[in-house]
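Got chain A; can you put chain B on it based on the hints?
The chain contents come next:
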Amino acid sequence: MSAIRRRHPALTAGKYAALAFYLLFALFPLYWLLKIAITPDALIFSEGTRLFPSDVTFTNFSTVIFQTDFLAYFGNSLIVSLGTAFLTTMFAAGAGYAFSRFVFKGKRIIIAVMLITQMFPLLMIIAPIYKIVADLGLLNSLTSLIIVYTAFNIPFATFLMQSFFDGIPKDLEDAAMMDGCTRFQALRKVVFPLTLPGLGATLGFVFTAAWSELLFALMLISKNDAMTFPVGLLTFVSKFSVDWGQMMAAGVLALVPSCLFFIFIQRYLVQGLTSGAVKG
Amino acid sequence: MARIELRNVAKRYGAVEVLRNIDLDIEDGEFIVLVGPSGCGKSTLLRMIAGLEPITNGDFLIDGERMNDLRPRDRDIAMVFQSYALYPHMDVARNMGFSMEIRKDPASDRKTKVAQAAETLGLSKLTDRLPKALSGGQRQRVAMGRAIIRDPRAFLFDEPLSNLDAALRVEMRLEIARLHQQLAATMIYVTHDQVEALTLADRIVVLNGGDIQQVGSPLELYERPANKFVAQFIGSPTMNVMPVQGSATKVTAQDGTTIALPDQPQAAQAIELGIRPEHIDVVDAGTGDLAAVAEVVEHLGSDTNIYVKVDGVGPLMVRKHGNIPVKSGDRLGLRFQTQNAHLFRQDGTALR
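Chains as they are written, first to last, in my numbering: chain A, 1 to 280; chain B, 1 to 352.
Because the hints were derived from the structure by calculation, they are not lab data. It is possible that some hints are incorrect.
For each label pair, taking beta carbons as the anchor points, the in silico distance ranges come out as [claimed, not checked]:
1. B:Ala-115 - A:Met-119: 40 to 48 Å
2. A:Ser-163 - B:Arg-66: 36 to 44 Å
3. B:Ala-115 - A:Val-256: 48 to 56 Å
4. B:Val-16 - A:Phe-104: 12 to 20 Å
5. B:Arg-94 - A:Val-256: 34 to 42 Å
6. A:Ser-258 - B:Ser-135: 36 to 44 Å
7. A:Ser-258 - B:Val-195: 58 to 66 Å
8. B:Arg-94 - A:Phe-86: 25 to 33 Å
9. B:Asp-25 - A:Phe-86: 50 to 58 Å
10. B:Asp-25 - A:Met-119: 55 to 63 Å
Straight-line alpha carbon distances no greater than 20 Å define the calculated DMTMM-like cross-link-like pairs of lysine to aspartate or glutamate that follow [what the hints assert, rightly or not]:
11. B:Lys-327 - B:Glu-295
12. A:Lys-189 - B:Asp-91
13. B:Lys-132 - A:Asp-171
14. A:Lys-170 - B:Glu-159
Chain B is faced by these chain A residues, among others (derived, beta-carbon under 10 Å) [stated by the list, open to error]:
15. Pro-40
16. Asp-171
17. Leu-172
18. Met-177
19. Thr-182
Yeah, the Cβ is synthetic: ideal placement off N, Cα and C, and Gly gets one too.
In isolation and in its complexed conformation, chain A is listed as follows (with noise of 0.2 Å):
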């Protein structure tokens, strides 16, 4: 007597094989990254496209590291998307929390504005945005950068936190502020700590998305020193030659806080902390 029913055999292999195609076709593009940052130059064009090189090599790696500014790069990246990241999530979880508890003047004006900004293409406003920054004497700094970011993930970010706070029955706030919290130490014992995965997911969002930025890095940064990562690689594009093995040795480097980070955080985002609070 079993309980489980089988499905037909050739539905679970397409079910796999379906599964299969997708990894194949999204990991591709990232197996192609490395494959090509391990090829010695010399056979990079001259073995054609073979899946796997008949050499290896980490020359590449060694030299992007040591013989390039792509450790400047990447600190300048770090700083730009660390302080995005922490920013903007702290802004938007004051904001989310406004949005998911309180009934105020204004609100629905301010989450209309906050939606219509999310509405223009970014090159529109690259020019005021240029103007802006000049006129502020924040040209090639890595400020300007972090500012423009924290404006511009704001209003997503704000609405990913609204919605994980109003997945926090009102209840619990009210059973704290009961047991003698404030409201905000109700926010900070009880909230708080029910909010992380939500805190972790924003984080991470913003961070991968300040850590790919390539059109305003390339505006309001020409000096060498300010250039964050996605600019930097463009300089292994010269006059007469694409370094290949290089440009992708620095990407295959790029990845890895991205993992860092999202491993870091990924704890954070398993769902369910919040089972038990009330009923079912």
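Same frame as chain A, but now just chain B:
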């Protein structure tokens, strides 16, 4: 311990008036149940007492001290929520001791008190579990433990049993009754379940549409309802109400039969007669006040419910103790225990 007074309390959300002119004195140690249909404002009233909703009008006093503007934490009242509202990231012991943690009581005190409360509620073996690893009944106990550990001036319960299944509900109801006897604390309990109200309350407050309909002991409400709403809300099965034509000491049903009411001198004002299912006797066909046909008969063992049809009057329900040998389709006579009948005026108020 606390004496709670509500003086002309009202609640408005913008133009919507949710509660009007609520006047209520609650004695120290009294168990008060607020009961009414959903949307009657009973939970709002409770949350106003808790301090979770501002009071629009009127005064709320504990032991003569005005509490309107105090924050929940300064009112020293504990509340048990319908949803339990346990802190999911804290184990049972920390959930129960949370209020002491906030008050910065010494950890050793907290430990003893938590152990004591856990013992009382039969939770001793579960103190290191997270709420998600508990059953519904256990969660409810933790929520109660969280309240009793504080030794507050008053307890508030907001439909605490409505998420439990029937058997557990009876068990927890007893537990709450026991707890009240043990603690002798003032308790205010909100429910829409009249059985909970009747079994737990010292006094019941019946609310409808934002007004208090009647305040009284369970028996008072059952025996002398102030109006048709209370009459039909309290008591299960529901009271039968039929339109009548009143005159000096009798009423005439719509089919023309008259029912003598010797102890109701004001019967002339009556437009409706109410009689509880248990106050109608089944007699042989052709005798009694009304002639009826049994439509559906439910044999419950301890009781028999008979749904009858009376030509020209409509359906009525009769409940008799024990097993009555009646089958559907049988013709019967009904005799009203007129000393237990209720008469209602045009505006719904009862004639006494």
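Status of each hint after checking the structure:
no. : hint                              : result
1   : B:Ala-115 - A:Met-119: 40 to 48 Å : 59 Å, violated
2   : A:Ser-163 - B:Arg-66: 36 to 44 Å  : 40 Å, holds
3   : B:Ala-115 - A:Val-256: 48 to 56 Å : 50 Å, holds
4   : B:Val-16 - A:Phe-104: 12 to 20 Å  : 19 Å, holds
5   : B:Arg-94 - A:Val-256: 34 to 42 Å  : 39 Å, holds
6   : A:Ser-258 - B:Ser-135: 36 to 44 Å : 42 Å, holds
7   : A:Ser-258 - B:Val-195: 58 to 66 Å : 60 Å, holds
8   : B:Arg-94 - A:Phe-86: 25 to 33 Å   : 29 Å, holds
9   : B:Asp-25 - A:Phe-86: 50 to 58 Å   : 55 Å, holds
10  : B:Asp-25 - A:Met-119: 55 to 63 Å  : 59 Å, holds
11  : B:Lys-327 - B:Glu-295             : 8 Å, holds
12  : A:Lys-189 - B:Asp-91              : 14 Å, holds
13  : B:Lys-132 - A:Asp-171             : 16 Å, holds
14  : A:Lys-170 - B:Glu-159             : 16 Å, holds
15  : Pro-40                            : 53 Å, violated
16  : Asp-171                           : 4 Å, holds
17  : Leu-172                           : 5 Å, holds
18  : Met-177                           : 5 Å, holds
19  : Thr-182                           : 7 Å, holds
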